[in-house]
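> One-letter residues, chain by chain:
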Amino acid sequence: MGSDHEERFINKYAAKGYRLAYISPYRLMPPLEYRIYKFNDSDAAKLVYRIDNRKFEDTSDYENYMQLMKDDGWEFFKNNYSYTKNWYPEYYWFRERVTGDEDIYSDNESKLEARNRGYTRLLTISLMLLASYMVLLAANVYQPSSSQGIIGFIFGNWYPSALIAISVTMIIGKISIKVIQRKNPEI
Amino acid sequence: MKNSQNSLTETTFLILLSFVNPKHGYAVIKEVEEWTEGRVVLAAGTLYSSLETLKKKGYIEEVYSEDPRRKMFTLTETGYKIIADDFNRMEKDVELYKKIIERKAGVENVQIQGLDGI
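If you read the protein sequences in the order shown, they are chains A and B. Counting in the working numbering, the first sequence runs from 238 upward without gaps. Counting in the working numbering, the second sequence runs from 26 upward without gaps.
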């Protein structure tokens with residue numbers, strides 16, 4: 238769910254000399270998916286991977302961003318076939334590993350902002366899906382399982398329950414970012 | 026990036042100062058690195074976020090670029106005012122520092138001399 242976690246996972250293999258070949262998804266449930274990472278063993282230089290997430294107003298902004306990253310020495314990882322790419326675009330970048338500390342963000346503030354953007358996007362999508370589910374519910378297309386107690390409700394309505402769980406997690410994440418930012422106004 | 030207590034962060038100040046002359050993003054990274062002799066090295070992602078914020082705040086604006094993939098920006102009038110205000114604040118802080126610390130050092134010198142006398 239978090240790209241920090243995903244980044245650590247990829248870099249664990251990258252540090253051993255593996256190179257990411259492609260990322261292919263299995264649809265779990267929107268907006269979540271299960272991703273398969275295919276690595277190739279390589280004798281060439283070790284790499285370090287970073288994941289960015291951004292939304293651009295137009296193509297010229299997108300091109301400007303891509304060019305800036307390339308100018309700074311990052312290479313774009315193309316073989317990402319995630320379904321969710323269209324919903325919350327993530328950009329996978331890599332470069333030769335020197336210390337392993339190579340990063341696309343150089344201060345905590347911009348790093349937190351990036352994390353916050355990711356949370357916002359996932360929250361928006363979950364709420365939208367939840368809203369459309371409610372509409373279908375109101376239109377009597379789906380019948381919610383009648384249930385005994387909260388456990389029964391969750392089992393009977395696992396999809397909206399999962400959406401609510403995601404939304405709540407994202408809201409907690411966003412609040413914790415706000416708290417960190419307030420504690421360190423200087424970063 | 027935040028304007029905390031009406032002062033700019035050093036990074037923001039340096040980025041704005043670099044935009045006194047029109048240039049594209051990567052040129053800012055290089056210039057700031059050169060100015061600070063490698064002490065401040067901005068990563069591309071951080072700089073891109075910063076460009077977006079500064080654009081939104083109206084401190085910088087896009088100008089014509091021969092290479093459409095590398096957008097050029099320069100300071101707006103507001104941008105000039107922002108760095109000028111920050112410069113004035115820093116200058117006052119420096120004067121204050123000198124006054125306070127030099128006076129304190131002066132007193133300590135006197136005390137040390139006094140002790141030596143004993």
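Calculated from the structure, these hints are not laboratory results. Treat the hints with care, since some could be wrong.
Below are the EDC-like pairs computed for lysine to aspartate or glutamate, each with C-alpha atoms no more than 16 Å apart in a straight line [unchecked claim]: (1) B/Lys48 with B/Glu62; (2) A/Lys415 with A/Asp309; (3) B/Lys80 with A/Asp298; (4) B/Lys81 with A/Asp278; (5) B/Lys55 with A/Asp309; (6) B/Lys81 with A/Asp309; (7) B/Lys80 with A/Glu294; (8) B/Lys48 with B/Glu87; (9) A/Lys249 with A/Glu333; (10) B/Lys80 with A/Asp295; (11) A/Lys292 with A/Glu333; (12) B/Lys48 with B/Asp92.
> Run every hint past the structure and note whether it holds.
Against the structure, the hints come out as follows:
no., hint, in the structure
1, B/Lys48 with B/Glu62, "20 Å, violated"
2, A/Lys415 with A/Asp309, "30 Å, violated"
3, B/Lys80 with A/Asp298, "12 Å, holds"
4, B/Lys81 with A/Asp278, "44 Å, violated"
5, B/Lys55 with A/Asp309, "9 Å, holds"
6, B/Lys81 with A/Asp309, "23 Å, violated"
7, B/Lys80 with A/Glu294, "13 Å, holds"
8, B/Lys48 with B/Glu87, "10 Å, holds"
9, A/Lys249 with A/Glu333, "14 Å, holds"
10, B/Lys80 with A/Asp295, "15 Å, holds"
11, A/Lys292 with A/Glu333, "26 Å, violated"
12, B/Lys48 with B/Asp92, "11 Å, holds"
Violation of the numbered hints given earlier is confined to hints 1, 2, 4, 6 and 11; the remaining hints are satisfied by the structure.
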